[in-house]
Amino acid sequence: MLKIFRAVVAGVILAGSLGWAGCSRGGDGLVIYSGRNKNLVGPLLDKFERDTGIDIQVKYSDTGEALATLLEEGQSTNADVFLSQDAGALGILAERGRLVRLPQDLLDLVDERFRHGDGRWVGVTGRARVIAYNTDILDVSEVPDSALDVVDPKWKGKVGFPPTNASFIAFVASLREQFGHERARAFLQGLKDNDAKRYDNNLLTLDAIANGEVQLGLVNHYYLHAELKERGDAPVANHYPGQEPGQEGTFVNVSGLGILKGTDRSEDADRFVRYLLGPEAQAFFRDETAEYPMRKGVDALSELPALDQLRTVDIQLSSIGDDLKAAVQLIKDVGLS
Amino acid sequence: MSDVRVALAGVAKSFGVVQAVRPTDLQAGEGELLALVGPSGCGKTTLLRLIAGFEAPDAGTIRIGGCLVAGEGVFMPPERRRVGMVFQQLALFPHLDVAGNVGYGLKGMSRGERRSRVQELLALVGLEGYERRFPDELSGGEGQRVALARALAPGPAVVLLDEPFSSLDLSLREAVRREVRRILKVAGATAILVTHDQDEALAMGDRVAVMLGGRISQVGLPEEVYRRPRDVTVADFLGDANLIEGDLTEGVLHTELGQLVPNGLVPTGPRAIALLRPEDLNLELVADGPATVVDVEYFGHDQVVVLRLPSGLELRARLHARERFPRGSRVAVRCAGPRVVAFPSQAARE
Amino acid sequence: MASRRPALHRGPRAPLVLRLAGLGVAAATVLPIAHLAVRAGEAEDAGSLVVSPRVLRFVWATVGLGLTVTLLSLVIGVGVAWLLDRTDIPGRRMLAVGAVLPLVVPTYVGALALLAAFGPGGLAFELRGIVGFWGATAALTLSTFPYVLLPVRSALATADPALEEAAQALGDGRRTAFRRAVLPQVRPAAAAGALLVFLYVLSDFGAVSIMRYDTLTRGIFLEYRSAFNRSSAAVLGVLLVVLTLLALAGERRARGRMVARSAASSAGRASSVTLGPWRWPAFTAVIALVSAGTGLPVGVLTYWALRGASRADGDALVGAVGTSTGLSLGAAAAAVMIAVPVSVLVVRHRSRFSRIIETLATAGYALPGLVVALALVFFASQYLSPLYQTFMIVVVAYVVRFFPEALGAVQSSLVRIDPVLEEAGRSLGRSRLDLARTVTVPLLRGGLVAGAALVFLTAMKELPATLLLLPAGSDTLATLVWTGAADGRYAQAAPPALLVVAISALVLWPLDRVRDRRPRQ
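Note that the protein sequences, when read in sequence, are chains A, B and C.
Using this note's numbering, the first residue of the first sequence is number 1, and each one after it goes up by one.
Using this note's numbering, the first residue of the second sequence is number 1, and each one after it goes up by one.
Using this note's numbering, the first residue of the third sequence is number 1, and each one after it goes up by one.
Bound conformation, chain A alone:
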């Protein structure tokens, strides 16, 4: 028993010394808060370190949690760069004046639709909101052409969607913008009345489609590629909705990044942003995560509809903040979250 106790004491001392050893601040390299999964960006960041010789420290978490951390830390944050899974979180930081304006030549690499109006953040990759469907059950011809059609009674209980996912919320915001508040509400109410199944995130929605729990669902396009990578036989495919005139179009959200005010490594941060928007990194995203590269002139995967061919939703991502709040409220009001 005494042995156990001693071991525990030793553990404390060990943890303590680890703690102090780990408390090197200051000369610790470029600090990146990443709301994007390590699997998605880790290899690229390692390569950045090797290519540039710049030390980086990456803190991975969920985008919302990373944002909350930055807000709590305030001016005393250690972070130099915020790599976000979606535009909304970047918008909030920009709104609070926490991001520096990026150099114009950098901004010019990316289509105006996919960056902040005042240049506080820039999109790195794009993901389209699609209808994914189970290929064992449905033929592509049966899949609705518009996301709004999934509220048709014939899909009762057969649709899955992630009401709390940030991209879905942004999608609702875009509906609201295009067709007005009431139409957006009617769509959400329709989902509810149609017994659409709610999932915690895109991935679980896609899993549910793959195992036949639902027949189709509203997700981001690139989860399909992750799922197929993990399970080559998963019976799922994507359909890009809203392509006909008068329809909602395909909503494209971005992952992006911004440089935090007060950084003491603006040069390294600048190089980092350039690196992620460089042809090599953009090709990496295309090949590894199947997202749309944001740099003009880098093509998407050939099996995806090209971004400039796609009828996308015309919405200012940069000023989406208030719309997002309204969309969240709408989703809550209808009782979907």
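Where hints are given, some of them may not hold.
No farther apart than 20 Å at their CA atoms in a straight line, the calculated lysine to aspartate or glutamate pairs in the DMTMM-like style are these [unchecked claim]: (1) Lys47/A / Asp313/C; (2) Lys197/A / Glu126/C; (3) Lys332/A / Glu44/C; (4) Lys332/A / Asp45/C; (5) Lys47/A / Glu288/A.
Quick list of simulated restraints, FRET-style, between CB atoms [stated by the list, open to error]: (6) Thr274/C / Arg132/B: 33 to 43 Å; (7) Val17/B / Glu44/C: 48 to 58 Å; (8) Arg437/C / Phe75/B: 18 to 28 Å; (9) Pro15/C / Phe15/B: 18 to 28 Å; (10) Ala124/C / Arg274/A: 44 to 54 Å; (11) Lys107/B / Pro281/C: 56 to 66 Å; (12) Arg132/B / Arg437/C: 16 to 26 Å; (13) Thr52/A / Arg307/C: 35 to 45 Å.
Hints listed in this document are in silico derivations from the structure and should not be mistaken for laboratory results.
What you are looking at is a predicted structure, and each value in this text was computed from that prediction instead of being measured.
Glycine is no exception: its CB is placed at the ideal position from the N, C-alpha and C atoms.
Starting from the known structure of chain A, arrange chains B and C on it as the hints suggest.
Using the frame of chain A, we list chains B and C on its own:
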């Protein structure tokens, strides 16, 4: 009491509104075994805990071995008072063996010194060879002796025993009592024994202090407090007491049992109460005797006969077991001697 | 039982060290609560939010789930404890370890496993209605009933069988004897365990998110994660704190008088009930429970590991084993070390002060990890910057979150040590500190080990606070699981999850031995 070991002067202690100990003086002399007896809730345990240092007095001073340990702004914690304590529940350390328990209080000794001191004490309490046993392997009496050895080991200025025998079987109790008294005497220890059992107090104490309602009512030799209690309550508490009221005229008390002569201090006033211990009464079977036998409690070595007098008063008489007093028979009652202890009548009604 | 001294009046005041320890712990828990209150104050619509039908629905759902899981955990926990300690059930030792193992399965893993097995298109068969309330109830009950089982077993082990026998001698049947003589003795332990279960359910995000059941904690996470609205999140957090305080008051009533008994009394081993024809059915029932709680998740994880194409990074795993184990050991040790003085304060110096300390120290348990983590992010980054982003602050977060587990275990152990032993020691000339070392701590051993083990197990699977507070560039097993699972790479997520289970099982094995041993060596 040439050399005072423990001295309490004006010690008082309250818990909230409850006055557990009213201002109290008490002394125990070198090598003396003082029995502190009283009914439960009388404050005797609190008094003991005050001496031990587990409570701080509200007023008064406590000296142990001439050294002020509490009062006058001083409060010495228990561990510095050189007080050995034997607890009601024994409180042996369950994770230590007998040697570990006995040696627990031996500080600043070499291993060898310690071992020989433990041996010495185990020999004193008659438990040689028990060193490696654990408390849960001891009988009640053995545990008692280990607890005593442990308390004695550091050579305390005073040993405090808090109801140490109450958890023992009745059959064991008397033997252990005798043994504990022997050990304390051999060790020459000053000791204060707290008990609610008057027989225990009378049998063990060199002196007996009777504590009632938070104050010491009487201190004295056992036969003193038993034969000559200071008042009715003390009389009543220490053993069976037959109390008979009567008219007092010219130093003679006229009672239902006849004329009694109060001994020593004679109460004033028209009426007084006489104390007659059960063993002070003699009975005789007489066909038209005034008293009736109501009940007989048979103890083997003796018996207690419960009588009812014509007035309805019940008396208890302790007699040899040889003579038989059938229930319902009539008896005549006589006092063994004419001289009795008497108290003023008012005291009885208080 | 020996008559008790007036324990309420023991000593004029608790020693300064104890009071400081208590204040320190309370301050650590008040920190996140105060932080929540400040953030909630920033919400423009706090008032209307609190009374909105949606939030009321959350509150109702949270209470409903909490009570259901607590009730089921009590029934299962007390029942299994009785089977293990008072009957001739076969395979007792193996079942004893197995029955506690579900504790080490992270609730999100347990819930995913339930879905994988019994969900739509599941590996086994489909149970209708598994998603939602019943799924969340099943997942949480399976992973929390050991919180009741553990303390009740140790209470049963020291319960005085004489009372039980006395009750039987007085003509009660075994069943009645159990109800009248045993249950009252295990009541404080069961109530303490039930409180942990209830608070754990309040704080859980894993199971409810997988099972899509809307509780306050899920609401809080959603405000942060999808609405990016920290002040609404804080309003929900304050509601959670209120629920917690109500639960604590409820537990205090249910606990009844603590049954204290002399540690020195040598109660014999209780006679065991002969199950007769029920022996094997009872065995099967416990095995089924263990299978659902541990076997199923382990099976599903193994299936994922084999099926998927992704692979876990070996070096990262090795590093994470070290980090997880070090952090969890550190948290376990720190928690029990602090729990000793706080328990002494709470048990030996009962007063309004100590009751408040106890309440506050327990309240932290119901706070979601994210809330604790963000509060520490705020305070550490503003006022303790040398500590911020170090392992130390992670240990602090674990201690704040899981301290009640240590406190409960140490406290219920301390209650069973007769305070007269400490007086005996002091009258023998030993100082308080000396006495703590030579008597109290050795006698508390069972509680210390149990408390440390609980904290260790819970810390091993902790995710939200770990993610936010861990120094950049390090990983624990839990963060590796998250990295894989959040990206759908289940084969990558499975090995670290299996390692969490394996390491925790290694910790549980000696725990059960220590428990069974007698107080001395």
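Here is how each hint holds up against the structure:
Note on Lys47/A and Asp313/C: the hinted pairing holds, with a Cα-Cα distance of about 17 Å set against a maximum of 20 Å. A C-alpha spacing of about 16 Å is found between Lys197/A and Glu126/C, which places the hinted pair at or below 20 Å, so the restraint holds. Among the hinted pairs, Lys332/A with Glu44/C is consistent with the structure: their alpha-carbon atoms are about 17 Å apart, no more than 20 Å. A distance of roughly 15 Å separates the Cα atoms of Lys332/A and Asp45/C; the hinted pair therefore holds under the 20 Å criterion.
Only pairs whose Cα atoms come within 20 Å are accepted, and Lys47/A paired with Glu288/A is accepted, the gap being roughly 14 Å. Checking the proposed 33 to 43 Å range against Thr274/C and Arg132/B shows it holds: the Cβ atoms sit about 36 Å from each other. Look at Val17/B against Glu44/C: about 53 Å separates their beta carbons, and that is inside 48 to 58 Å. In this structure, Arg437/C and Phe75/B meet the distance hint of 18 to 28 Å, their C-beta atoms being roughly 24 Å apart.
Take Pro15/C and Phe15/B: their Cβ atoms lie about 20 Å apart, and the range 18 to 28 Å holds. Taking the beta carbon of each, Ala124/C and Arg274/A are about 52 Å apart, inside 44 to 54 Å as hinted. About 59 Å separates the C-beta atoms of Lys107/B and Pro281/C, a value consistent with the hinted range of 56 to 66 Å. As the Cβ distance of Arg132/B to Arg437/C is approximately 23 Å, the hint placing it in 16 to 26 Å holds.
For the hinted restraint 35 to 45 Å between Thr52/A and Arg307/C, the CB-CB distance of approximately 38 Å keeps it satisfied.
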